[in-house]
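Q: Start from the sequences and build out the full structure, keeping to the hints where you can.
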Amino acid sequence: MTDIIQLLPDHVANQIAAGEVVQRPASVVKELLENAIDADADDIKLIIKDAGKTLVQVIDNGKGMSVTDARLSFERHATSKIKSAEDLFQLNTKGFRGEALASIAAIAHVELKTKRPDDELGTVIEIEGSTVKSQEATVIPTGTSVAVKNLFFNIPARRNFLKSDTVELRHITDEFHRVALAHPSIAFAFYHNGSEIFNVPNENYRQRVVHIFGNKTNERLVPVEEDTEVLKISGFVGKPEYSKKTRSEQFFFVNQRFIKSPYLNHAISAAFEGLLKDGYHASYFLNLTVDPKTIDINIHPTKTEIKFDDEHTLYAILRSAVKHSLGQFNIAPVLDFEQQSSFDTPYSYKDKAGKAPTIEVDRSFNPFADEGSKSGNSSSKASSTRASFKSAPAANWESLYVGLESKGNRRQGDDIEVSFEKDVKTETIFSDASVETSKTTFQLQQKYIVSTLKSGMLIIDQNRAHQRVLYEGFLKHITIKEATSQQLLFPLQLSFTPNEMNIISELQEDLEHTGFVFSDVKEDAITITGVPVGVPESEVSIILEQLISDVENDVPDASFSAADLLAKSMAKSLAIKNGQALNNTEQEHLVNSLFACKEPNISPTNRPTFITMSTDDIEKKFM
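For the sequence shown, the positions run 1 to 623 when full-length UniProt numbering is used.
What you were told as hints is all true, and nothing was included just to trick you.
The list that follows gives simulated cross-link-like pairs (lysine-lysine, BS3-like), each with its CA atoms no further than 25 Å apart:
hint: 1; residue 1: 323; residue 2: 260
hint: 2; residue 1: 63; residue 2: 113
hint: 3; residue 1: 277; residue 2: 577
hint: 4; residue 1: 522; residue 2: 244
hint: 5; residue 1: 476; residue 2: 598
hint: 6; residue 1: 149; residue 2: 49
hint: 7; residue 1: 244; residue 2: 323
hint: 8; residue 1: 323; residue 2: 216
hint: 9; residue 1: 245; residue 2: 323
hint: 10; residue 1: 598; residue 2: 572
hint: 11; residue 1: 522; residue 2: 245
hint: 12; residue 1: 620; residue 2: 454
hint: 13; residue 1: 260; residue 2: 232
hint: 14; residue 1: 149; residue 2: 163
hint: 15; residue 1: 163; residue 2: 260
hint: 16; residue 1: 63; residue 2: 149
hint: 17; residue 1: 293; residue 2: 307
hint: 18; residue 1: 260; residue 2: 244
hint: 19; residue 1: 277; residue 2: 216
hint: 20; residue 1: 149; residue 2: 113
hint: 21; residue 1: 307; residue 2: 260
hint: 22; residue 1: 244; residue 2: 216
hint: 23; residue 1: 522; residue 2: 239
hint: 24; residue 1: 53; residue 2: 113
hint: 25; residue 1: 447; residue 2: 277
hint: 26; residue 1: 572; residue 2: 476
hint: 27; residue 1: 476; residue 2: 577
hint: 28; residue 1: 232; residue 2: 293
hint: 29; residue 1: 572; residue 2: 277
hint: 30; residue 1: 447; residue 2: 572
hint: 31; residue 1: 239; residue 2: 216
hint: 32; residue 1: 133; residue 2: 113
For the record, the hints were derived by calculation from the structure and aren't laboratory data.
A: Structural data, given as structure tokens:
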């Protein structure tokens, strides 16, 4: 028998490796930005076309590469970051695998231009699918420019799996946020299809957070600072009243590297315990500095997962630091037993003796004297007044009741019939039995509506049923575009981050079809003057936050999907919650509305809205 194991060709191995490193255009953006940072650049430009499908280009003013390095950088496992296995535990750079450029070059058209400060000429290399097409000298400024064109051109199936431009651009924006927040000392510029999305200069960390998430963010930040032998923490957490339903503003950076850690996130949640509403998440932008020897980054190709030597200690320090900041800045309720400084005696009065207050009394004052009378005869008038009071005869106590006779209190000599108040009629427990039997529904545990059928019993989940009713109503208004609005007496202004404003702007037309009226849309705020009929003003911000959360978690690819997602999100926000009591009329209306829907069997999230129990099933329970 012949041998069946063989070595894969290099281009096949590169394509397999690319599947781990490059999952979408955002992965290319991450790798190229991190390479530019490792090259000691302080000014980086990111240029995107068609959400990265056509072009991803990163231009930096770093130290550049020589002719040999430029060619060698596209080989697998070729890197300048480490030289031995021991270096993996002393990493001070973003990359160390040496796979990024080789993987990118295997599935795209890549053009590299680079020049060192001491060289007169730079180098330009063009590669298509791991094949070097040309390499020559050129005149370029100091630094490196990497242009990645036609991503996944030789893997059509992988390209077909890419989402819409809106979705891919949002992923690219998320990666840009992570890199820009981790390095506030570097100036970044971000352009998409010729439009400037971000342009942030070299600044401090607070300014960087404000520039990326909007000016309103500045008043929401609470500083967190802690320096121990094990861990150094710096950054900010958001005030509890500005918490969000999404986790879009949660950033952990370990040694200037973005990571995801559910364990450390739980420490933040524990610090905010009792301060957040159910379903809301705290915002935080925290930089953690630890000894590189105590962490292991070499776990996942994306390098967003890290293993710590002593996670329990980090958890305790992080939780206590955040809790201390919330108390220090009077965010969390605390018991303060210290004396207030306002109670202290001023320094200039500490040696002075206290003096008794002087009081002047007018002993001739008479409150009963006339206003125009003279003070000389005030005493005589007072005596006469006292005499008049003494001489007044005491009135008979029976006169106090004159005029209070009622028809029911007449004496027997009067020719008026005596009337009595009727006794309260006491009902029996069986008096309204006929009314009870007329009820067709009743509520069980304020969660389910139970009704009868000819064949048995019907049990409806009130929350899911109402979601279905609202969902089909909103979807009809969006598609027919004939929704009615109720005008607000006072315009409602809501603030959002630039990323959230982009989502609202994309769905603004669909929101208007449901009944929302926008009078002003700015970069970080919107003004609403009308809402759909039946939507309370207090629920508007909750609806929009839920909508943003749903879009970020399940981004639509088509206009119909956008309308469908909007209808689902609004129905979920406005539906009757479990635990809400309904009277008999409301129960019957909900049941009738549900079975008037086109799809009454399932909720908008494809969950059953009701179940039935036949008489046979009930009888089996008694066997």
